[in-house]
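So the protein sequences, as listed, match chains A and B. At position 196 of the first sequence the residue is numbered 196 (this note's numbering), and the sequence of numbers has no breaks. At position 321 of the second sequence the residue is numbered 321 (this note's numbering), and the sequence of numbers has no breaks.
Keep in mind that the hints were calculated from the coordinates and are not lab data. Check the hints yourself; a few may be wrong.
One side only, chain A facing chain B, incomplete, derived with CB under 10 Å [stated by the list, open to error]:
#1 Gln16
#2 Asp19
#3 Leu28
#4 Leu99
#5 Leu120
#6 Ser124
#7 Ile134
#8 Gly249
#9 Val270
From the derived model, a few chain B residues whose C-beta atoms are all more than 10 Å from chain A [to be verified]:
#10 Phe53
#11 Leu58
#12 Asp59
#13 Ser110
#14 Lys111
#15 Val147
#16 Pro149
#17 Trp150
#18 Ser164
#19 Pro171
#20 Ser202
#21 Ala213
#22 Gly232
#23 Arg261
Positions of the beta carbon are idealized from the N, C-alpha and C atoms, including for glycine.
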Amino acid sequence: MKQLSPATRARYFRRQLVDRLMGGLCMLAAGIGLVLLGLILWMLFSNGLGGLKLSVFTNSMAQPGADGGLANAIVGSLIQVGLGAMIGAPLGMMVGVYLSEVGKESTFASVVRFVNDILLSAPSVLIGLFVYQIAVEPFGGFSGIAGSISLALIAMPIVARTTEDILRLVPQAYRDGAVALGSRENEVVRKVVLPAAFGGILTGVLLAVARIAGETAPLLFTSLGNTNWSTDMTQPMASLPIAIYRYAGSAYDEWVSLAWTGAMLITVGVLVLNILSRFSHAAVAGKTEG
Amino acid sequence: MSTPTASRPMIGARRMHVGDTAFRISLHVAGAIVVIVLVSILAIMFLGGRLAFETFGLDFIWGSEWNPVTQVYGALPAITGTLVTALLALLIAWPIGFGIAFFLTETCPSKLRGPLGVAIELLAAVPSIVYGMWGFFVLAPFMSEYVQPWLTATFIWIPPVGDSFFWFTAPPIGVGMLTASLILAIMILPFIAATTRDVLLSTPQLLKDGAYAMGATRWEALTGVVIPAVRGSLFGAVFLGLGRALGETMAVVFVIGNAIRMPDSLMAPSATIASVVANSFPEAEPGTLDLAVLLGLGFILFVVSFGVLAIARLLLHQERMS
Chain A
1 MKQLSPATRA RYFRRQLVDR LMGGLCMLAA GIGLVLLGLI LWMLFSNGLG GLKLSVFTNS
61 MAQPGADGGL ANAIVGSLIQ VGLGAMIGAP LGMMVGVYLS EVGKESTFAS VVRFVNDILL
121 SAPSVLIGLF VYQIAVEPFG GFSGIAGSIS LALIAMPIVA RTTEDILRLV PQAYRDGAVA
181 LGSRENEVVR KVVLPAAFGG ILTGVLLAVA RIAGETAPLL FTSLGNTNWS TDMTQPMASL
241 PIAIYRYAGS AYDEWVSLAW TGAMLITVGV LVLNILSRFS HAAVAGKTEG
Chain B
1 MSTPTASRPM IGARRMHVGD TAFRISLHVA GAIVVIVLVS ILAIMFLGGR LAFETFGLDF
61 IWGSEWNPVT QVYGALPAIT GTLVTALLAL LIAWPIGFGI AFFLTETCPS KLRGPLGVAI
121 ELLAAVPSIV YGMWGFFVLA PFMSEYVQPW LTATFIWIPP VGDSFFWFTA PPIGVGMLTA
181 SLILAIMILP FIAATTRDVL LSTPQLLKDG AYAMGATRWE ALTGVVIPAV RGSLFGAVFL
241 GLGRALGETM AVVFVIGNAI RMPDSLMAPS ATIASVVANS FPEAEPGTLD LAVLLGLGFI
301 LFVVSFGVLA IARLLLHQER MS
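Next comes chain B alone, as it looks inside the complex (with noise of 0.2 Å):
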């Protein structure tokens, strides 16, 4: 630690200091310069995708048609994969992650507390490649084996919707919307299991001690107190774990098939708009119609996500402040 200035004059103290200008005058544009990124991305992305917007007008997002040789592209199956994969990514993840939060702040021994959050972190950490590898060399043919076949066995009684769209009816060849739902579950589980943990702990004790005073169960305290209590920052967790999985690319790159056209089973070969982004971006020349397409699309993307992750943020931190 440097010498106490004891011997500085008082005279100008008052004044701001050269250093301390300097030092918050930099601080100001570090904190101006994320702003300017977000701004920055927005912009960028919509003036490169001007081109496609004016090209198809609003069939660019309503559109049902992706087909490079003619120059048609709707972004809709893209937009369906991304929307259907993220939905049934959060069904299938947020009971187990909620679960998971619930045993690791109440129900577990303590010994094993710190272990178990440690490896459910460390499976956040994970890189997404590296599920994108294990979805497409062990659990794609492992769905394509065991549980495709039996899902169309066993639900085809289940009514299509429309006329075109049959749950779980397809060829049973392991990669496509369900595989990739899976994948992005088991990406978005740990992220689930530690923002709802540290929701959990949040809560004061004197709420569930109250609650046990009154003799209720570990599960009666947690649904009748700590849920009402929390449920905003519950949400928030879960709209966290739904922007990580609409966004997320290479896990699904591997796993969904990368078939641009309306999805017709659950189990078919879809794509999602992050999937089309980096599958065609390789024949993307610049300043083609190609190029603004998948800009336009990263637009639609990042403006959904940036609702997904406001909502989150804000949701979570309403409860951070009160």
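With the rest of the complex left out, here is chain A (with noise of 0.2 Å):
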């Protein structure tokens, strides 16, 4: 340092000086970011905790002072999410299919994809306003199913998308093995490609899964919420999200506390899901590498 002029020096620690202070910045963005995560969840555990106890899960919801829960909610989530995975699944797996093994880079292909994309962050009130129009109205009446076909939406471009990218991870050599061997194309796929890449699937259905629970939007204009217990999916049904919508906007202490027991549950459980899905993630990474 001893040659340099003062004038260099000077640059010098300025633009060291910049550095660092942007790399400070940058450092407190991410701790602005951990911060909020840990608030999030302190304030829903502090405030949901209390709350739990057997009832909610064993009572169905009730006036105040009734000592009602959440039963019914909890299960008409469970229901709705279910068949909405059911149905959305397995169709944005052979969209995902479709895409990486047939369509590829074909105009339709890229269509799709693009379409499938936006759909992926297409608002989801929308969704539920446009299966009201097609599944509430025609038929008479908010119902489970219509919720489901709602869920089902929004569930398909998720897994569209991860099946679509993890197929791409698995090596060509795996197809060109099994075409060398003499299998069809759809054996090629059903028994080489789609095991190889089954964890990174399961990731993506997760993911969708962990999305759908927490849908609070669409299911307002499907299956709209009901107070009784109820598994009929032709008649509207409770959900975690809807109760939890309900209660929180509500004047009664007992109700917004339910709310708040509602949502850590609901929270935990798609954090759950999330932890889940990445562990999946990493076993078919560890495969397709090895």
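Two chains, two separate frames, one set of hints: put the complex together.
What follows is the structure, given as structure tokens:
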């Protein structure tokens, strides 16, 4: 540093300073993100744990003072999310297989890929309004089926996207090998490509389930919510997000407390699904690399 | 795995096999369903909202009066609320999200990188209704108690827009466009951070090495080499966040105040298209003008989101190809 002129040295220090400053600000940004996650989780647990008791899982929603729970909402959510995933996931997988194995870079495949990406981030409230027009209004009422359809439409593009991404990671040699052994196109996909990518596809399905489990807006227009115990799919059906929505805005402390407990349950469920999906992803990543 | 079918006769092998044909057809159908869904959403919204477009014409978009009693519906207040909250959210979230992405890709100790990335993605997975509740019970009281009185006292000198829009002058009731923007910012922050991180990671290491070899600092390498190389994708990440903010419903419904009128302050209760649709829907009977108006609003929102998301995808895709 001895030979450097004062001006050069000053510039050197200024550049270092800018670098440190900006690095520090970016670290601060990451800190803000962590603090936010911490704040949200802390508020959820501090408000939700207190209301967590057995009756939440055993009793249906009830008037304030009647020791109501969320049993009907939890079961309603499980049914609708389950059926939604059962419709949306296979459809999404097929779309993913089409994009990766058959359509590839063809014009139609490019259109499907583009449209799928749009659907992936389309406002879910509009999916709800759409399903209301096609599956609620014409059939004379809100129903669990309509709720499941709206959730399926949200799950489909997520599964399609992850399936395509993961199938592209399956080495071409697998396909070539299968073809060399005389496999049909459908056998190559069903018996070689899909099993090799199983973990990754499972990741996509789990992520999709996590996403639709927390969806509220589409259900407002389709399954509406129900304060009574009901497993009849042709009738309005309760769900955890809708129950939270109705109770959070209510004037009764008991209901607000149930809303917090419900929010905590759903967040824990969604986060656990997300972490599980990471494991299945890690499993497939290890397999394709090895 | 199945036994190799070596003994299969080669005759007719060139013709499509029945199984393969069925396989291909079913996959094409699945692909077609994706396109059909998108087209039907547009068509259903447009047809359902036709009554609103016919009744009010262009005033449906430009009209600033919204009155269910006199059955006059102009969507301008809701459109304004949507655009203002989404853009403000982006303005708040983008610098922080970009900072997180830079930290995660460049300056973060490698041991922290994994857990921190997971934390950011978990933040993205929290359901929007939870953000809404959090905003309603935690953020809104905090805003009305501390932030809004301070903002009003500090920025009272900023001249109003026209003679009606006073930036930060409003009763500090906690809910309103500013609170909604903050909640939206928190919601889209992890999306922007994660997408931007992926974009930064996709930059060839060679480019960065070149910059470092020339003696650049990490910040100089970022601004001088990396950003110019992936500028399109970075904008793509921003538009993706904007698309999310425009259509978000549950988080906004809790904290925007749900007043469908032209806002006179950033802190005033307002409404977005999504919040109006969710809030007014219970009173809208099938076949009435009220429902047609909501479907018409849905059509407008869908067209806007489609445009924003399409730009996002094209920008992100363009880099992926090159």
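* So which of those numbered hints doesn't the model satisfy? -> Violated hints: none at all, because every hint is consistent with the structure.
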